[in-house]
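Peer 1: Let the hints inform the model, and build the full structure from the sequences given.
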Amino acid sequence: MNLVISLLMNISIALLLISIAFWLPQLNIYSEKASPYECGFDPMGSARLPFSMKFFLVAITFLLFDLEIALLLPLPWASQTNNIKLMLTMALILILILTLGLAYEWTQKGLEWTE
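Under the working numbering, the first residue of the sequence shown carries the number 12, and numbering increases by one thereafter.
It is worth saying that the hints were derived from the structure and are not from the lab. Quick reminder that beta carbons are idealized off the backbone N, C-alpha and C, glycines included.
Ranges of calculated distance between the beta carbons of each label pair, as one might list FRET restraints: (1) Leu113 - Ala32: 42 to 52 Å; (2) Phe67 - Tyr115: 14 to 24 Å; (3) Ile31 - Leu103: 49 to 59 Å; (4) Leu122 - Leu84: 16 to 26 Å; (5) Ser42 - Tyr115: 43 to 53 Å; (6) Leu68 - Leu26: 33 to 43 Å.
Peer 2: Okay, structure coming up:
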């Protein structure tokens, strides 16, 4: 019962805050306030520069591999289990999947952001 009351209170407070933020007008909108700030100097160029899609894909690939490698961090604690053979098998399967993914990215030239 307490969980339901807590959930309803949290949802109602969140909806109240969202509706207040939506209905309150934004004051003092003018071009100087909306322009990018460069340490007090006038902007030298456009703040909207094109972003390299290849670099973005390399960054996403790095994040994916980084998160998957983080799955290997609990291995020292898992080595204290009774079934060490299962733990090593699962770790080797994970490393094999990571190696195959890296090889695929390498063969597809997904790791090169300059051409």
